[in-house]
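Peer 1: Residues in the sequence shown are numbered consecutively from 38, following my numbering.
Quick caveat, the hints were computed from the structure, so don't treat them as lab data.
Don't take every hint at face value.
[Stated by the list, open to error] Pairs of lysine-lysine, DSBU-like flavour, derived with a Cα cap of 30 Å:
#  : residue 1 : residue 2
1  : K232      : K205
2  : K81       : K47
3  : K204      : K233
4  : K202      : K241
5  : K232      : K204
6  : K137      : K233
7  : K47       : K144
8  : K148      : K47
9  : K47       : K137
10 : K202      : K174
11 : K204      : K241
12 : K233      : K202
13 : K174      : K148
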Amino acid sequence: MELEQTTLFKGITSYECFRMRSCFEMREESFLAGETVMRYGNGKSEIGIVLEGSVFATRYTIDGERMFIEYIEAGDVFGESLAFAGMEDDISIVCHENAKIIFIDKKHIVKRCENACRFHTDFVQNFIEALSERTVKLSERVEILSNRSTREKLLCYFNLLAAAKRKKEFEIPFSVSGLADFLCVNRSAMTRELKKLVDEGVIKQDRRFVSIN
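With these hints in hand, go ahead and build the complete structure from the sequences.
Peer 2: Given below as structure tokens:
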């Protein structure tokens with residue numbers, strides 16, 4: 038994916054993106070699945086834009102259990118609130134699939150460059166929109182987790198995915214383990230519940246592809 042195709046650079050041309058790489062002092066890095074991309078809570082002030090692959094935002098509980106916070110796929114951004122919060126919140130960004138990521142320090146977002154570039158204004162507007170979209174996603178996650186049973190969580194999540202795609206067929210972006218982490222449920226119990234939903238004719242499933250009947 039090219040930079041101009043990502044959320045934060047919507048409406049900005051490839052040439053303008055090329056100029057902004059220098060103006061914003063962007064750096065690009067590649068990561069393998071399972072690698073820690075960034076750990077917030079220790080003064081990190083960068084946001085990340087996922088060009089390829091996908092990442093998780095996670096936190097570990099006092100008991101050492103991993104708590105899944107968010108899934109970020111290609112084209113999306115992470116750290117837009119964490120980089121500015123200034124909180125000692127130990128949240129890690131972990132690579133889900135091999136990924137290529139662009140990093141930008143927050144100082145380049147809040148200050149105007151000397152040239153007062155028009156596309157800097159466009160970038161800030163896109164940044165604000167990304168924050169708004171993040172709020173919506175987090176509210177959807179609260180809606181999912183507010184359901185008590187594994188079955189209710191699965192159906193709530195599937196309905197949200199279907200609504201986002203505007204059709205009953207969609208692809209789950211996670212592995213089985215990733216989906217269990219996302220829903221904060223036991224993997225074995227979730228697998229049994231998925232089988233029940235298929236047997237009852239509520240859904241059809243072919244690996245990651247699901248269709249709501």
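Peer 1: Please go over all the hints and tell whether each is borne out by the structure.
Peer 2: Okay, the hints, checked on the actual structure:
1. For a cut-off of 30 Å, the pair hint linking K232 to K205 stands: about 18 Å separates their Cα positions.
2. In summary, the hint linking K81 to K47 is supported, as the alpha carbons are separated by about 25 Å, within the 30 Å threshold.
3. A C-alpha spacing of about 22 Å is found between K204 and K233, which places the hinted pair at or below 30 Å, so the restraint holds.
4. Between the alpha carbons of K202 and K241 the distance comes to roughly 17 Å, so the proposed pair stays at or under 30 Å and holds.
5. About 22 Å separates the Cα atoms of K232 and K204, which keeps this hinted pair within 30 Å; it holds.
6. Simply put, K137 and K233 have alpha-carbon atoms about 38 Å apart, too far for the 30 Å limit, and the pair is violated.
7. In summary, the hint linking K47 to K144 is supported, as the alpha carbons are separated by about 20 Å, within the 30 Å threshold.
8. For the proposed pair K148 and K47, the alpha carbon gap of about 20 Å is at most 30 Å, so the pair holds.
9. A distance of roughly 19 Å separates the Cα atoms of K47 and K137; the hinted pair therefore holds under the 30 Å criterion.
10. Among the hinted pairs, K202 with K174 is consistent with the structure: their alpha-carbon atoms are about 15 Å apart, no more than 30 Å.
11. Distance check on the hinted pair: K204 and K241 sit about 14 Å apart at the alpha-carbon level, within 30 Å; holds.
12. Note on K233 and K202: the hinted pairing holds, with a Cα-Cα distance of about 24 Å set against a maximum of 30 Å.
13. Of the pairs offered as hints, the one joining K174 and K148 holds, with about 28 Å between alpha carbons and a cut-off of 30 Å not exceeded.
The structure shown violates just one earlier hint, number 6.
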